[in-house]
Amino acid sequence: MNKLLFLLLFILLLTVGKKRGAKTFFTFLTCMALIVIYIVFMRFGLNAIVMAFITTILASLISLFFLNGYSIKTKAAFISVMLVQIVAFILIYIVTKSASIGAFGEESLEVIAGFNYDINYNMNDVLIGMYLVSIVGTVIDTSISVSTAMNEVYENNPKLKEKELLKSGLNIGGDILSTTINTLYFALISGFIGFSMWHRGMPLEQMINYKLFVKALIQALTAFIASVLIIPVTAYITSKMLTK
Amino acid sequence: MKKINYKLVILFIISLAIIIFGFVNYSLYKTPILKVNTVVNSKLNESSKETHYSQKITGTIMNGKYKGKTLKATNRYSSSLVYDDKISKGDEIFVELSQDGSSILGITGIKRDKYLIVLAVIFVDLLILIGGKKGIKTLISLVFNVGISSLAIILYVNNYFKINLLAMYLVVSVIFIIVSLFITNGRSKKTLAAILSAICALILSFGLSFILIKLNEKRIYIWSLEYIEAIYDYSNYLYVSVLLCGLGAVMDISITISSALNELIEKNSKISKSALIKSGKIISKDIVGTMINVMLFTCYTSVIPTVILASKNSMPIIKALEFYGGLELTIVLCNCVGIVLTIPVSLFISIMILNKKKGSVE
Numbered sequence: 001m002n003k004l005l006f007l008l009l010f011i012l013l014l015t016v017g018k019k020r021g022a023k024t025f026f027t028f029l030t031c032m033a034l035i036v037i038y039i040v041f042m043r044f045g046l047n048a049i050v051m052a053f054i055t056t057i058l059a060s061l062i063s064l065f066f067l068n069g070y071s072i073k074t075k076a077a078f079i080s081v082m083l084v085q086i087v088a089f090i091l092i093y094i095v096t097k098s099a100s101i102g103a104f105g106e107e108s109l110e111v112i113a114g115f116n117y118d119i120n121y122n123m124n125d126v127l128i129g130m131y132l133v134s135i136v137g138t139v140i141d142t143s144i145s146v147s148t149a150m151n152e153v154y155e156n157n158p159k160l161k162e163k164e165l166l167k168s169g170l171n172i173g174g175d176i177l178s179t180t181i182n183t184l185y186f187a188l189i190s191g192f193i194g195f196s197m198w199h200r201g202m203p204l205e206q207m208i209n210y211k212l213f214v215k216a217l218i219q220a221l222t223a224f225i226a227s228v229l230i231i232p233v234t235a236y237i238t239s240k241m242l243t244k
Numbered sequence: 001m002k003k004i005n006y007k008l009v010i011l012f013i014i015s016l017a018i019i020i021f022g023f024v025n026y027s028l029y030k031t032p033i034l035k036v037n038t039v040v041n042s043k044l045n046e047s048s049k050e051t052h053y054s055q056k057i058t059g060t061i062m063n064g065k066y067k068g069k070t071l072k073a074t075n076r077y078s079s080s081l082v083y084d085d086k087i088s089k090g091d092e093i094f095v096e097l098s099q100d101g102s103s104i105l106g107i108t109g110i111k112r113d114k115y116l117i118v119l120a121v122i123f124v125d126l127l128i129l130i131g132g133k134k135g136i137k138t139l140i141s142l143v144f145n146v147g148i149s150s151l152a153i154i155l156y157v158n159n160y161f162k163i164n165l166l167a168m169y170l171v172v173s174v175i176f177i178i179v180s181l182f183i184t185n186g187r188s189k190k191t192l193a194a195i196l197s198a199i200c201a202l203i204l205s206f207g208l209s210f211i212l213i214k215l216n217e218k219r220i221y222i223w224s225l226e227y228i229e230a231i232y233d234y235s236n237y238l239y240v241s242v243l244l245c246g247l248g249a250v251m252d253i254s255i256t257i258s259s260a261l262n263e264l265i266e267k268n269s270k271i272s273k274s275a276l277i278k279s280g281k282i283i284s285k286d287i288v289g290t291m292i293n294v295m296l297f298t299c300y301t302s303v304i305p306t307v308i309l310a311s312k313n314s315m316p317i318i319k320a321l322e323f324y325g326g327l328e329l330t331i332v333l334c335n336c337v338g339i340v341l342t343i344p345v346s347l348f349i350s351i352m353i354l355n356k357k358k359g360s361v362e
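The listed protein sequences derive, respectively, from chains V and Z.
Take 1 as the starting number for the first sequence in my numbering and just add one per residue.
Take 1 as the starting number for the second sequence in my numbering and just add one per residue.
Treat the hints as calculated values from the structure; they're not laboratory data.
Note that the Cβ used here is the ideal one computed from N, Cα and C, for glycine as well.
Beyond 10 Å from chain V on every Cβ pair, some chain Z residues (computed):
#	residue
1	Lys7
2	Phe21
3	Ser98
4	Leu276
DSSO-like mimics (lysine-lysine), calculated; alpha carbons at most 30 Å apart, straight line:
#	chain 1	residue 1	chain 2	residue 2
5	V	Lys97	Z	Lys56
6	Z	Lys281	V	Lys3
7	V	Lys23	Z	Lys278
8	Z	Lys89	Z	Lys30
9	Z	Lys319	V	Lys3
10	V	Lys244	V	Lys75
11	Z	Lys7	V	Lys167
12	Z	Lys270	V	Lys18
13	Z	Lys69	Z	Lys43
14	Z	Lys89	V	Lys97
15	V	Lys19	Z	Lys278
16	V	Lys97	Z	Lys69
17	V	Lys161	Z	Lys133
18	Z	Lys267	Z	Lys189
19	Z	Lys281	Z	Lys137
Only chain Z is shown next, with the shape it has when bound in the complex (with noise of 0.2 Å):
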């Protein structure tokens, strides 16, 4: 008979408690959620370039006093969804009630939790499957970080004007790096040799990057940014941007080159250091070609919507790119710069600090 394994079993009922929770959690809001029950669309007009819809949609309360009644409300929406919404029968709605409760001032919003709920309890599921203990290490160092991140940010929108954003962020960016490398790989020699590696090479990079946008300030359209318009400290806003977009990649070079240089020297402790450098350079040279197409992909994908629209307005593609893709290139070859400099620094380092722990034994 094959043995059940409980932890699998708690850990699935876990995930399908939470995710039935993320479906039926209307009482926790304070807003009216309204449940799509059918929905009436009709065509407004049909111009030969797009259609508009309205919708006609008559769902039930599901929360708050008026729970249980049925009401009708109005939605508005365009084929290419470029602004709007979209509601379809069985989407769970917020909804402004009138004084009364008997009828619908507005739809506020769609609740999209749940979705969100699903993904993250896949996420988690898959990291402790596949990573056991070294995932759940993961997730720790996850939502240090994220907390670290929160932190940061409320301290930040509550000082609006007493605290540099840099500044804050510079310091940030160091209990970053130690936290999660202290967090995944333990204390050793090896973890502060990547320590201090990646803050040296952070240094660095974001010193040359600092420079360079410095001096081309005035070419750079700013506005292109992603929520700039609400920042009172733009300027440090971009520059924050580009300090914490490779933050993640310097580090995983940073530790991967000390853990391979420790390997060599606990394998041959007379390896000599031009070998060291060697190898080193291999590694090396192994993993920041997909590292950079990771920064590419990850982030200058985020300028497609906008070119898309820009371009369908009859805007030459070429200047679209250059006008609200331009920046989020600047960001990412920054990065690239960083990640490649990254190399050196870490070899420079690690050998410096894992080589003089040989020294000392012996």
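Isolated chain V (complex conformation) (with noise of 0.2 Å):
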């Protein structure tokens, strides 16, 4: 079935984007195979957050560079993706760290019945990792979104100075905000109908305190929070290198 599905999405790709969407099709079984080496790393033991860098790195070099080509706006989104990465993953850090939030829970018993739990790999890096990776094609999306758009402006006006070309970039930021947060806010809310018909009738105060609930919300406010930080970043570093 998947392979039916993979075939339709390269069928359809090319049909609207050519060879643009054979470049696409490709980006994305690049980022899927990065995806799933990541994990075969992990089963061999290597540290999950260090592997979780490693394949952010890749799949912003991947989608900005391969698929968008190597130009001052690519390169101005690649540094902004990385250090908002790297504030991202302070703050995952800190909190996946001090809420103690495991792998699993009393819901996941049946799927994971019969493994033994004892398999000398910490969970909770598992999970930062996870949290990192996750969150990186937002952040990717958006930040390419407002480079390329300041790099239009620039090129239709090139006597802008570095402040107004800021502020446009913020300005176009502030347009693509409300349909990023609409775009994650649907890719993350299943999970959350199938925890509110397990838990029919869990109090607020359980809920709210609930590790699987705040799993859930935790990767949700964290892909919120990086998606917004990258508009100011990459709009101050685009600014900064055009106006060079």
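Join these two chains into a complex; the hints should help.
Right, here's the structure in full:
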């Protein structure tokens, strides 16, 4: 079934985008492969957080420079993505460690039944890495949107000063803010539906402290924060690099 | 002298107050909370693979009848933290007290609400500081969406057998589309075009996914879906997951295309249909690539912990990925297909609606 869907996606991308479509499909496959390789490395005991950083760097390189070409705007986007990933990591690390979030709760007992829990691999770190990798898609998306639009503005009006360009970058960022948050919200919501059905009638005070609820909400909120934070960072760096 | 930005100061004070509230809201809880003062860890066994720890915890009760009392508790965890919680000094934990409050019968959970509050405050502050009015609109739309989602869930769980889960979410999705696009873009032809495009694209792409999944139903291992055991109507739950996952992305593409075409038509009212299609295609090519990657990274990564646990238990990785990640991949791919399909649908409907406006004016 998934093979069929891959094929369908490839054909559709090719029809809509021709050469660019093929490139898009190739990027998608590479990112998919990166996630799988990331899992394989963790399987063999490499540090989950370090591997997550390497995965996000490679994913950014591919989706920025291969898909969108090597130029000032993609360079600026790359630097911005890296900066925001580092800030997001610090936030994720502090919150995940102090909230003591593990990987599974009683809900998953059926799924993980029969497995030995003594795997000698820290699941808290796996979670931190997972959060880090899960936000990179939206961070790249927002960053390249802002820097491309700013590049367009600058090309049409090369006399613009750094400050004016920064202002227009923030303006552009404001326009895509709501759709970005919306996209993330729906991408993450279905887990909450399942959660609410499982815990029908769970009091609110219990829910907002509950391991899996907090785990899902940390993912959503850090993704939101990163996709907002990337806007001023990209606007600032792009305006600096373009007017240099 | 620099003028003090009062709005900024007010925002800062409110944020700080909310965060402090998150750290001291003990009295709102009925369950007794123990603030951990000391933790003594001792190793239980030291197998070559994994270390198990026993924790002796001393802490102070922070709320209720026995506030201020110092009590002892014990906890166990293993270094992999697959299922259990590690408790550290300074943590606050929910406990079950004995009738007379003299001892702790068990630990029921860790108090984690404060971390959510900190993250939520950071998010809202950034939204307001960076987005300004647009940020506030985004926040309103988000609150609306959360409200609608919660209402739908409450409605469903209270009428478990009377409502068809999928039918309900199809209606709710249309409401989501109308409300979100309306709040953030206001009343205009552009918004109307985006709403109609999003609804049509959703019907088309969901219809396709529905047929494809239905045809392959027997080959799908549905039990790898999170929480699936709690759901009476499990096959419809899968369809709802497919339906909702890409909904935001579909809206995103619809509004991007309709705004861009609207801009082009306003700047040059004589622009030809083929020129519009051409520009529309260029714009959409740019957004579709990163958008399908957003789907991949945001949704597919959730399978990582289970796949790791399974493969660490000597299940081959390929098999673990297929078994525990196959369905999630299907959901992601269905939505990627839907995202690409949205482009022609959006182009067609936007041109039809936006060009009509031009015709009626002339």
